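> Read top to bottom, the protein sequences are chains V and W. In terms of the working numbering, the first sequence opens at residue 1 and continues consecutively. In terms of the working numbering, the second sequence opens at residue 1 and continues consecutively.
Simulated from the structure, these hints should not be mistaken for lab results. These numbers were taken from a predicted model, which means no experiment stands behind them. Possibly wrong hints are sitting among the right ones.
If several chains are the same, the list does not tell them apart, and a pair holds so long as it fits within one copy or across any two.
[Said to hold, decoys possible] Simulated crosslink set (BS3-like; lysine-lysine; CA at most 25 Å straight-line):
no., residue 1, residue 2
1, LYS182, LYS124
2, LYS182, LYS66
3, LYS124, LYS66
4, LYS236, LYS139
5, LYS139, LYS124
6, LYS182, LYS139
Number of protein chains: 2
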Amino acid sequence: MVHNDNDQKATGTRNRTSPIRLSREAIVGLALNIADAEGVDAVSFRRLAHEFGVTPMAIYRHVRNKDDLLDAMTEHMLVSFDTSAVIETDWLEQVRELIYALRRVLLVHPSGRSLLSRRSLPSKNRLDIFETSLGILRKAGFEPREAYLIFEYLLNQVVSLVATGDGYVQGAEEERREWGAKLLEFYGGLPQQEYPWLVEAAPNIAACVDTDRHFQFGTDLLLAGVKAMAASIRSKTL
Amino acid sequence: MVHNDNDQKATGTRNRTSPIRLSREAIVGLALNIADAEGVDAVSFRRLAHEFGVTPMAIYRHVRNKDDLLDAMTEHMLVSFDTSAVIETDWLEQVRELIYALRRVLLVHPSGRSLLSRRSLPSKNRLDIFETSLGILRKAGFEPREAYLIFEYLLNQVVSLVATGDGYVQGAEEERREWGAKLLEFYGGLPQQEYPWLVEAAPNIAACVDTDRHFQFGTDLLLAGVKAMAASIRSKTL
DNA sequence: CATTGTAAGTATACAGCGTATACATGTCAA
DNA sequence: TTGACATGTATACGCTGTATACTTACAATG
Chain V
1 MVHNDNDQKA TGTRNRTSPI RLSREAIVGL ALNIADAEGV DAVSFRRLAH EFGVTPMAIY
61 RHVRNKDDLL DAMTEHMLVS FDTSAVIETD WLEQVRELIY ALRRVLLVHP SGRSLLSRRS
121 LPSKNRLDIF ETSLGILRKA GFEPREAYLI FEYLLNQVVS LVATGDGYVQ GAEEERREWG
181 AKLLEFYGGL PQQEYPWLVE AAPNIAACVD TDRHFQFGTD LLLAGVKAMA ASIRSKTL
Chain W
1 MVHNDNDQKA TGTRNRTSPI RLSREAIVGL ALNIADAEGV DAVSFRRLAH EFGVTPMAIY
61 RHVRNKDDLL DAMTEHMLVS FDTSAVIETD WLEQVRELIY ALRRVLLVHP SGRSLLSRRS
121 LPSKNRLDIF ETSLGILRKA GFEPREAYLI FEYLLNQVVS LVATGDGYVQ GAEEERREWG
181 AKLLEFYGGL PQQEYPWLVE AAPNIAACVD TDRHFQFGTD LLLAGVKAMA ASIRSKTL
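Using the sequences and the hints given, assemble the complete structure.
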């Protein structure tokens with residue numbers, strides 16, 4: 001059970017003088033907490049209503065529908081993403097900084113993977129990140145089209161990197177370890193002559209730990225590609 | 001409504017002499033068709049049962065549960081992925097061949113994006129692809145751990161590339177164009193002084209067409225990264 | 001101060017989902 | 001012929017999003 005900020009309002013025994021006062025802010029916040037703790041599938045109107053000691057339909061006074069709720073959760077998650085912190089140095093370093101900033105958000109909000117891969121029109125926070133990234137890439141010499149593709153590419157890959165490394169299994173720590181054990185048993189137990197490489201790699205497949213190295217490796221790989229691409233384009237335009 | 005191969009069995013007016021004969025094969029196949037045509041959310045036991053003119057619970061005689069069904073669909077989708085076609089040349093070209101082979105599958109099966117990003121223990125077809133890829137990377141000089149990370153990295157990015165490029169909007173062609181128009185209107189209509197780069201890139205963001213160039217760009221970016229990584233490792237071990 | 005409009009929470013309902021359990025039936029082996 | 005087994009049926013439970021209609025409480029206004 002996720003802790004509710006307004007516990008006295010969630011008791012159900014509301015006194016008449018101070019009736020329940022929901023707010024979009026509180027709803028979205030609690031929804032995000034639930035999503036981060038138990039996966040976004042655990043977020044439902046009935047669940048939220050119950051936590052607030054309120055009728056499910058009450059939620060609809062503050063949230064248009066579930067899509068709207070999920071959009072708002074995404075936005076809420078990204079408030080802690082501060083694009084202004086990206087200092088103007090080497091553009092590749094700026095990109096790296098953006099990548100790590102996104103990682104920081106995603107580590108705090110494991111539900112980010114699901115939320116960010118939803119198809120939706122972004123609002124404020126997300127737009128700012130988008131704009132900043134595009135600006136960096138454009139100033140680095142990429143054409144608008146390329147800059148956009150690279151941004152999408154980076155975003156997607158970073159989400160994936162963090163997700164597989166840290167928050168892939170959205171449940172609690174224990175469930176994650178269980179899954180790791182199952183992976184190890186499965187891949188390690190394959191017929192060695194048929195799947196030699198998989199058997200060999202089994203421990204690595206099962207290991208969801210050592211995420212810093214994992215992430216650094218992935219980021220290096222990512223940036224190496226972008227750098228090479230930039231060089232190729234630059235030599236083409238000359 | 002997705003066409004059912006055994007239409008005479010789906011009429012509901014079954015004759016007593018030839019009672020309904022479901023089969024795992026038929027169920028999984030139809031489920032995949034539905035998923036490709038209308039998105040994997042459109043696949044439900046009740047929907048499948050109805051298409052076969054049968055009770056929902058009948059499905060359970062051939063499929064353990066929904067997870068099992070989705071696993072089977074993934075497997076079914078990958079039968080057309082022939083890893084043996086990858087000829088032994090330059091390892092980077094082999095990887096490129098794998099990437100394009102996966103793309104071909106994903107173009108035929110738009111639901112692949114959702115299916116492949118499920119957490120599950122793979123079976124035959126998927127294992128073979130995994131093993132082949134790992135082998136190529138190991139022979140290229142990567143350590144087991146690195147080879148695994150690179151594989152995951154490539155897989156994820158290819159799925160994303162195809163998905164955003166071609167089959168991102170899982171619905172019909174029309175819905176996809178609608179979404180493109182909406183994107184163009186949205187990004188093009190942003191305040192220019194606040195979001196100059198986004199406004200500039202609006203046409204590119206909205207364009208879900210010209211997918212060949214899109215995909216090629218992405219693949220080049222991907223391989224440039226892997227190549228650079230390989231070079232870096234090789235120089236480190238020397 | 002009384003009235004009235006509106007915002008916010010309630011009550012009920014519907015159609016859909018996955019699936020547990022218990023039962024019927026059609027087919028094939030002994 | 002009988003009995004076992006595989007397969008499809010019937011019913012039910014708890015969950016989901018959300019449409020519609022009703023009630024209540026407060027805030028502003030005549």
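> Against each hint, give a clear statement of whether it holds in the structure.
Outcome of the hint check:
1. LYS182 to LYS124: Between copies only: 18 Å across chains, 41 Å inside a chain, cut-off 25 Å.
2. LYS182 to LYS66: Result: close only across copies, 20 Å inter versus 34 Å intra.
3. LYS124 to LYS66: within (19 Å within a copy, 38 Å between copies)
4. LYS236 to LYS139: This pair counts as within: shortest intra-copy Cα distance 17 Å, inter-copy 32 Å.
5. LYS139 to LYS124: within (22 Å within a copy, 47 Å between copies)
6. LYS182 to LYS139: neither (47 Å within a copy, 27 Å between copies)
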